[in-house]
Amino acid sequence: MSDKWQYLLLLGGCVLITLPLEFFGEGIYRQPVRLLRALTPVLAVFLVWDAIAIAHEVWHYNPKYVSGINVPFMPLEELLFFIVIPLCGLLTYNAVTACLGIISRLRKRTEDAARSSR
Amino acid sequence: MSGLGYTLPAIVSVVAVCVLELAVLRTGLFRSTAYWISMVIVLGWQIPIDGWLTKLSAPIVIYQDKHTSGLRFPWDIPVEDFLFGWALVTAVLLLWVKQGQVKQGQKSGTRR
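Protein chains in written order, with this note's numbering: chain A, 76 to 193; chain B, 54 to 165.
Because the hints were derived from the structure by calculation, they are not lab data. Check before you lean on any hint, since a few could be wrong.
[What the hints assert, rightly or not] The list that follows gives simulated cross-link-like pairs (lysine to any residue, SDA-like), each with its CA atoms no further than 25 Å apart:
| hint | chain 1 | residue 1 | chain 2 | residue 2 |
| --- | --- | --- | --- | --- |
| 1 | B | Lys151 | A | Leu122 |
| 2 | B | Lys108 | B | Val132 |
| 3 | A | Lys139 | B | Gly123 |
| 4 | B | Lys156 | A | Phe99 |
| 5 | B | Lys160 | B | Glu74 |
| 6 | B | Lys151 | B | Val77 |
| 7 | B | Lys108 | A | Leu122 |
[Unchecked claim] Some chain A residues well away from chain B (every beta-carbon gap over 10 Å; in silico):
| hint | residue |
| --- | --- |
| 8 | Val90 |
| 9 | Arg105 |
| 10 | Pro107 |
| 11 | Val117 |
| 12 | Gly143 |
| 13 | Leu155 |
| 14 | Thr172 |
| 15 | Arg182 |
| 16 | Arg184 |
| 17 | Glu186 |
| 18 | Ala189 |
| 19 | Arg190 |
[Unchecked claim] So these bits of chain A aren't anywhere near chain B, every CB distance computed over 10 Å:
| hint | residue |
| --- | --- |
| 20 | Leu85 |
| 21 | Leu94 |
| 22 | Tyr104 |
| 23 | Ala128 |
| 24 | Ile144 |
| 25 | Asn145 |
| 26 | Val146 |
| 27 | Pro147 |
| 28 | Leu151 |
| 29 | Leu181 |
| 30 | Ser191 |
Glycine included, every Cβ here is placed at the ideal spot set by N, Cα and C.
From just these sequences and the hints, can you work out the full model?
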């Protein structure tokens, strides 16, 4: 496969790996309005920052490893980065919160059982 | 190596996110265990992914040296990336958690 899909595949991998975390708790994708409200303002700030940095050549992208599909000011991959990475963070936090909830409920149940058997 | 182009805004972004939480949103996220466990997991993934993006042998993202501190660790990851990534993920988490609290507040409000 051509190297120009590297960045896109990397982001696709991030989406796939974190996808099962949606099954925990109330999920992230299942709350699309809340997701948009959390993501959009941050996305706007970081996209402006990114566009300025690219314009001032603070960083640039290796044409060998990007698709060549461009959105205004940046490669498509870079726009997707600012959506995918926070999504992964949210899914992680959602899953960790759910797991801690399960652990504390289990602990409470064993404590209650121990108390009632006394 | 002025660091103006990346180092400075990366530091400013971290300060801005802290101010956003401590002065405006006050979600208490920084006191939550789930948040810090999540940050450790996110950091654990950032190192291989960001490492791949920034490796000097075949970089996907190329930084102009004069705009960074020049500190690259681990591998070739500019340390600024960790500030940038923390600010990005934490800002979205803060807005996410805030909305959950507002919803919770409305629920308990109607119950009263």
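Of all the hints given earlier, name the ones this structure violates by number, lowest first. Hint check: 11, 14, 20 and 23 fail, others pass.
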